[in-house]
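Between the sequences and the hints, there should be enough to build the whole structure, so can you do that?
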Amino acid sequence: MKLFYAIIFLILMYSCQKPQHISEEKNVPIFHNSHEPKKQDAPFSDVVQVGNVFYLSGQIGMDHTSRTLVKGGIEAETHQTLKNIQAVLTAHNLAMSDVVKATVILDQIEDFTAFNTIYKTYLPQKPARTTFAAEALARGAKIEIEVIAVRTK
Amino acid sequence: MKLFYAIIFLILMYSCQKPQHISEEKNVPIFHNSHEPKKQDAPFSDVVQVGNVFYLSGQIGMDHTSRTLVKGGIEAETHQTLKNIQAVLTAHNLAMSDVVKATVILDQIEDFTAFNTIYKTYLPQKPARTTFAAEALARGAKIEIEVIAVRTK
Amino acid sequence: MKLFYAIIFLILMYSCQKPQHISEEKNVPIFHNSHEPKKQDAPFSDVVQVGNVFYLSGQIGMDHTSRTLVKGGIEAETHQTLKNIQAVLTAHNLAMSDVVKATVILDQIEDFTAFNTIYKTYLPQKPARTTFAAEALARGAKIEIEVIAVRTK
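Chains as they are written, first to last, in this note's numbering: chain D, 1 to 153; chain E, 154 to 306; chain Y, 307 to 459.
Everything labelled a hint here was simulated from the structure, so no lab data went into it.
Just so it is clear, the structure is predicted and the values come from calculations on it, not from any experiment.
Ideal placement from N, C-alpha and C gives every residue a C-beta, glycine not left out.
Just so you know, not all the hints are guaranteed correct.
DSS-like mimics (lysine-lysine), calculated; alpha carbons at most 27 angstroms apart, straight line [as the list claims (entries may be wrong)]:
# : chain 1 : residue 1 : chain 2 : residue 2
1 : E       : K273      : D       : K39
2 : E       : K306      : D       : K38
3 : Y       : K344      : D       : K120
To give an idea of the chain Y side of the interface with chain D (calculated C-beta under 8 angstroms), a few residues [claimed, not checked]:
# : residue
4 : Q392
5 : A393
6 : A444
The following block contains the structure:
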């Protein structure tokens with residue numbers, strides 16, 4: 001009968017690992033502080049983490065050290081927007097290759113080709129994407145990009 | 154050999170709990186009926202639940218008892234929009250503090266500061282956020298807000 | 307003691323199924339190739355899968371065999387847009403009934419009723435939905451629809 005108890009013990013021990021597993025599934029959200037000193041008072045987080053899913057706020061082509069939009073039109077703003085996204089991801093040990101979904105909001109649909117040419121070089125894995133032109137963006141930006149990233153390691 | 158069968162039985166019994174576990178993970182979506190009597194015929198659910206993630210439909214500053222937009226411009230509509238979101242969350246035992254992501258669609262980008270001042274007081278945990286001005290919103294609304302909420306308890 | 311080893315073997319065998327289970331939870335994203343031969347060079351995937359969640363790219367009323375927008379205005383484009391979504395879902399063994407969230411972007415808010423009447427017939431389960439009119443859509447489209455679908459089987 002010793003063997004019987006040993007086995008019951010093993011099965012119980014195995015079962016005891018369950019609660020931990022369940023709590024992981026609960027995915028308590030983490031509202032990360034911005035890595036940018038000048039964005040601490042923003043009414044949004046750069047990124048909110050839910051388990052291994054990271055919801056990033058829309059980024060525009062702003063130089064966050066000076067808090068001004070970069071000059072140079074759609075090309076310069078597209079580069080800066082994507083670099084801002086990259087900086088947020090890097091701050092959380094993620095990479096552009098972890099982006100699974102993008103929403104691209106242009107100020108003018110005529111900028112589609114210009115933005116698209118640059119965009120492709122940053123996200124060659126081809127996240128699912130929706131693009132449209134808004135009437136206007138905050139701070140007179142020409143482009144805003146919002147992404148969802150997924151941690152896999 | 155009785156012991157052997159007893160243990161096989163225990164292991165099988167344990168295995169039988171799996172399907173339930175798997176079905177939880179499978180996250181069968183729940184298309185919740187609206188708590189608003191006058192929204193039963195809407196072609197969208199106020200909220201669809203996928204596991205512990207709640208996708209809310211975009212809300213505007215509509216008084217759902219009269220089905221008319223509240224008067225008073227961007228301030229009044231922002232308050233009503235956020236109260237409508239709060240009501241949907243409350244109906245599902247959630248709170249504004251469970252909101253992780255917001256999409257804010259304005260009719261005019263000039264309303265940014267007005268909406269932002271009010272918004273901050275409802276969602277101090279700072280959900281990830283994207284904001285832009287559309288050409289137009291349904292029913293002549295000045296603001297529409299869509300959120301994702303996560304249940305943690 | 308043979309029995310003891312048999313049981314240890316059974317428990318180990320059972321445990322060996324765990325890693326696979328964990329890797330499923332990690333939800334390594336899958337950037338699916340388009341089922342449309344003419345969309346292979348698009349800078350976005352028709353759909354990216356994260357576990358049982360499928361993020362679809364925004365679709366417009368384009369006939370993907372000719373790569374031109376269907377003629378016939380908002381009604382024809384709404385039908386084609388929803389059929390394009392259906393085709394992507396079908397290619398991944400999913401159905402319209404698996405759609406949990408939709409974002410509808412119109413070119414003109416005046417098309418709301420026309421699109422809505424058709425939309426209802428494709429998605430009677432009532433996904434959560436946000437609708438607005440953009441300033442412009444790519445390729446002069448009158449409607450773009452983005453959805454999230456969830457696999458339950």
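Practice prompt. If any of the earlier hints don't hold here, list their numbers in rising order.
Written response: Violated hints: 2, 4 and 5; rest satisfied.
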